[in-house]
Every structure is written in structure tokens, then in C-alpha cells.
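Input sequences plus hints: build the corresponding full structure.
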Amino acid sequence: MIIGKQTQFYTLWGVYTAVQFAAGSFGSGHKVVPGAALAVLLGVWAFNLGHLGFLLQCLKQINELRAALCHGLDQNDQQYGSKLKVALNDLQQGDFFWRFYRLRDGRGGYVMNSAVHFFIDACASLALIRRMGNPAPGVGTDFF
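Each residue of the sequence shown is one higher than the one before, starting from 22 at the first, in my numbering.
Possibly wrong hints are sitting among the right ones.
What the hints assert, rightly or not - 25 Å max Cα-Cα, derived DMTMM-like pairs, lysine to aspartate or glutamate: (1) 104 / 126; (2) 26 / 126; (3) 52 / 126; (4) 106 / 126; (5) 104 / 116; (6) 106 / 95; (7) 26 / 95; (8) 106 / 116.
Treat the hints as calculated values from the structure; they're not laboratory data. For clarity, every value in this text was computed on a predicted model and none was experimentally measured.
Printed below as a string of C-alpha cells:
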């Protein structure tokens, strides 16, 4: 089950990367109409915030399954059943990303994944905003 969750975690990052490159390069080679760029920007940010909730939920589930497995490996540990029950009862799809920062277990992972996520979000958004109303690079303007 942990391997499946890890695969899901990395797949979420892979899909996210494709979306960010697509958003950042939206309209490359063409003049980007501000209204269309704004619609793309808003849609991508809705995706970004929802995606981050899915990503952090997946990370939380990996942490809970890892904790249950660690308790299960200790033959004298009586908490294995309760830890496994917590992990299995928490297989929901996602949550609002800010709720994960209140959790003690794995908090550093939530903050780090969020920081990377928001940095990439900002870079892709800047690339899109910079092209709004401008022709493509090499068509009379510089890239920046």
C-alpha cells in the first residue's frame, strides 16, 4: 500500500509539472490576449491550490502508513492496530492545503512541498503574465 501511495505522490508531481510548463508557455509564438491569459491564469491557480491539497493528503497518508508499519515491525508494540486503523480511515482524497500545517507528524514535509509548489506556481504565472499583450520573443521584443 505504501508503494502505491508513493507512486501516486510522484504521479501527482509529474502531472503538476506538465500543467505548469503548459501554463508557463501558453501562447508561445503568438500574441497573448490579456483576457485569455487571465482566464488561463485563474484556472491554473484553481488547479494549483486543489492539487496542493491532494499532494499533501497523499504525503500525510504515506506518513501514517509508514508509522503503522514501524509499529507493526516491533512485536511488542500494542499500537500497531490503532495506527493502521488511523491510516486506513484517512484515505480521503484531499483537503484544503493550509490544514496540513497544523499537524505535527510530517510538518516539515508539508512546508517543503508547499514551498516548492508555490515557487513553481509563481514562476509559471510570471512567464504567462510577462507575455500578456506582447508578441512572442524575437518578434520585435526581448524575452524580459
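Status of the hints after comparison with the structure:
no.	hint	verdict
1	104 / 126	holds (13 Å)
2	26 / 126	holds (17 Å)
3	52 / 126	violated (47 Å)
4	106 / 126	holds (16 Å)
5	104 / 116	holds (21 Å)
6	106 / 95	holds (17 Å)
7	26 / 95	holds (23 Å)
8	106 / 116	holds (20 Å)
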